[in-house]
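Sequence order for the protein chains is L and S.
The letter at position 199 of the first sequence is residue 199 when you use our numbering, and the numbering goes up by one with no holes.
The letter at position 69 of the second sequence is residue 69 when you use our numbering, and the numbering goes up by one with no holes.
One or more of the hints may lead you astray.
Subject to a maximum C-alpha distance of 27 Å in a straight line, what follows is the list of computed DSS-like cross-link-like pairs (lysine-lysine) [claimed, not checked]:
hint: 1; chain 1: L; residue 1: LYS53; chain 2: S; residue 2: LYS63
hint: 2; chain 1: L; residue 1: LYS159; chain 2: S; residue 2: LYS118
hint: 3; chain 1: S; residue 1: LYS118; chain 2: S; residue 2: LYS63
hint: 4; chain 1: S; residue 1: LYS4; chain 2: S; residue 2: LYS47
hint: 5; chain 1: L; residue 1: LYS53; chain 2: S; residue 2: LYS118
hint: 6; chain 1: L; residue 1: LYS65; chain 2: L; residue 2: LYS159
hint: 7; chain 1: L; residue 1: LYS159; chain 2: S; residue 2: LYS107
Far from chain L, by Cβ distances over 10 Å, these chain S residues were calculated [to be verified]:
hint: 8; residue: ASN5
hint: 9; residue: GLY26
hint: 10; residue: LYS43
hint: 11; residue: GLY70
hint: 12; residue: PRO97
hint: 13; residue: ILE124
Some but not every residue of chain S turned toward chain L, in silico, with C-beta under 10 Å [to be verified]:
hint: 14; residue: GLU2
hint: 15; residue: LYS35
hint: 16; residue: GLN41
hint: 17; residue: GLY96
hint: 18; residue: TYR114
hint: 19; residue: LEU115
No lab work stands behind these hints: they were computed from the structure.
Fair warning: this is a prediction, and the values are worked out from it, not measured in the lab.
Virtual Cβ for every residue (Gly too), placed ideally from N, Cα, C.
Okay, here's what each chain looks like letter by letter:
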Amino acid sequence: MTETSLLAEIRQAVSESLDRLDGVIALRRSGTGVAPHLFQRGDDLSELVIEPKYPLMTVVSRLHKRFPEIRLGVVARGCDERAYVEMAKRNQIDPQRLTIIGFACTAEEAQECYCSQPYPQKLVVGQPAPAGPVNPLVAEYDALSREERFEFWRRQFVKCIKCYGCRNICPECFCEACAMEDAAWVEPGLLAPPFPTFHLIRAMHMASRCVACRECERTCPAHIPLTVLYDLMRRDMEALLGYVPGADIDAEPPLSVKLDKVPLRQDVGV
Amino acid sequence: MEYKNVETTCIYCGCGCGLYLEVLDGRVIGVWPDKMHAVSQGKLCIKGWNISAFLDHPDRLTKPMIRRDGRLVETSWDQALTLVAERLNAIKAESGPNSIAFLTSAKCTNEENYLLQKLARAVIGTNNVDHCARL
């Protein structure tokens, strides 16, 4: 399928969805670039595009929270759908009010993203491309000794300008209070931020959440290979706890505690 | 319900990074980096990411103020600018033009910065012009 016909089919699917939904979140040519947009009935769909990708589920979440009744659609890649799965489990998106218009990424995109599943489960448009390779940096990292690994990250994280872009752009970072801004965890006023706590806090919080969308690495002004860290976390999650973030909406995240099922303290039933 | 993203340029420094202001029903609720921007290519620093924070900030000055008896009092632009002009003239007459310095800002446009140095050099008569980053 050519890219033009892929786009035409997506626009057609969006147009049909708009008859029964309050709006569809997708990308739109805007000014000289491309940005997320809420398309509504009657809008010019010739402005709808599919790249460069943005974390569109964050927009869905914001609108779902602000308007508790609205029914939305979203034009989604595989990583968008995986982000949705983990957000829905944590009450950030209401699955009952979301229609996913899924499309397959190209083989080139899958390669570039090192994507293991470059298509959504709800595939509406396009043909699944083969998975991309594993980031070669992961194998390089595996070959290092413990001391060399520490040195590897020290050299990477010293470049950090503490923009918080990795957190800001992450669809799975939605806490109202962030430990990375809490003086109890991260001493304020240091640049580069404290090593290794600053980045490892985020890495630990991403365990069972990171869906490998690679937005953090793309937005990092310091070119830190953050997704190597998160790929390693994802690998351990699967090997040790049998959990693949984003794969199954019914699978419970192993690191989440539901107080109605597991009381924190048996004696007081809290 | 109207959600859109408005393309603009970060005003915090001279780099001119590209960003979108995320607007929901007429209010700015966030920022997206402009991934296709020639300069910033989808990256921002902490200031760019927070560029919208001052828009509705309660400490933001929205009217000219004059300090009277240690308190800031709202006034008109005419009154404020007249006071500034009178005081600058008085200080210049009393202590000379080099007793006055002008500090300008990367948040201003090139044209605004040009005008400020013009005011300093041609009107007041001093080369004391510097920049907010060296305050």
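Here's how the hints hold up against the structure:
With a C-alpha separation of about 41 Å, the suggested pair L:LYS53 and S:LYS63 falls outside the 27 Å cut-off, and the hint is violated. With a C-alpha separation of about 40 Å, the suggested pairing of L:LYS159 with S:LYS118 is violated against the 27 Å cut-off. The hinted pair formed by S:LYS118 and S:LYS63 meets the criterion: a straight-line CA distance of about 25 Å does not exceed 27 Å. With a CA separation close to 22 Å, the supplied pair S:LYS4 and S:LYS47 stays within the 27 Å bound.
Proposed proximity of L:LYS53 and S:LYS118 is contradicted: the alpha carbons are some 45 Å apart, above 27 Å. At most 27 Å may separate the alpha-carbon atoms for a hinted pair to count; L:LYS65 and L:LYS159 exceed this at roughly 36 Å. A hinted pair counts as satisfied when its Cα atoms are at most 27 Å apart, and L:LYS159 with S:LYS107 qualifies at roughly 26 Å. A beta-carbon of chain L comes within 10 Å of the beta-carbon of S:ASN5; the shortest separation is about 4 Å.
With a least beta-carbon separation of about 13 Å from chain L, S:GLY26 lies farther than 10 Å from that chain, consistent with its non-interface assignment. Annotated as non-interface, S:LYS43 brings its C-beta within 10 Å of a C-beta of chain L; the closest such distance is 4 Å. Non-interface status of S:GLY70 relative to chain L is upheld: no Cβ of that chain comes within 10 Å, the nearest being about 31 Å off. Against chain L, the non-interface label of S:PRO97 holds: every CB pair exceeds 10 Å, the least being about 39 Å.
Residue-level check passed: S:ILE124 sits 37 Å from the nearest beta carbon of chain L, beyond 10 Å. Checking S:GLU2 against chain L by beta carbon gives a least distance of about 7 Å; that is within 10 Å, so the hint holds. Contact between S:LYS35 and chain L, as hinted, is supported at the beta carbon level, the nearest pair being about 4 Å apart and thus within 10 Å. Hint status for S:GLN41 relative to chain L: holds, with the closest Cβ pair at about 9 Å, below 10 Å.
The closest approach between the C-beta of S:GLY96 and any C-beta of chain L is roughly 40 Å, which is over the 10 Å cut-off, so the hint fails. Evaluation of the S:TYR114 hint against chain L yields a violated restraint, the C-beta minimum of about 26 Å exceeding 10 Å. With a cut of 10 Å, the hint placing S:LEU115 at the interface with chain L is violated, because the nearest CB-to-CB distance is about 27 Å.
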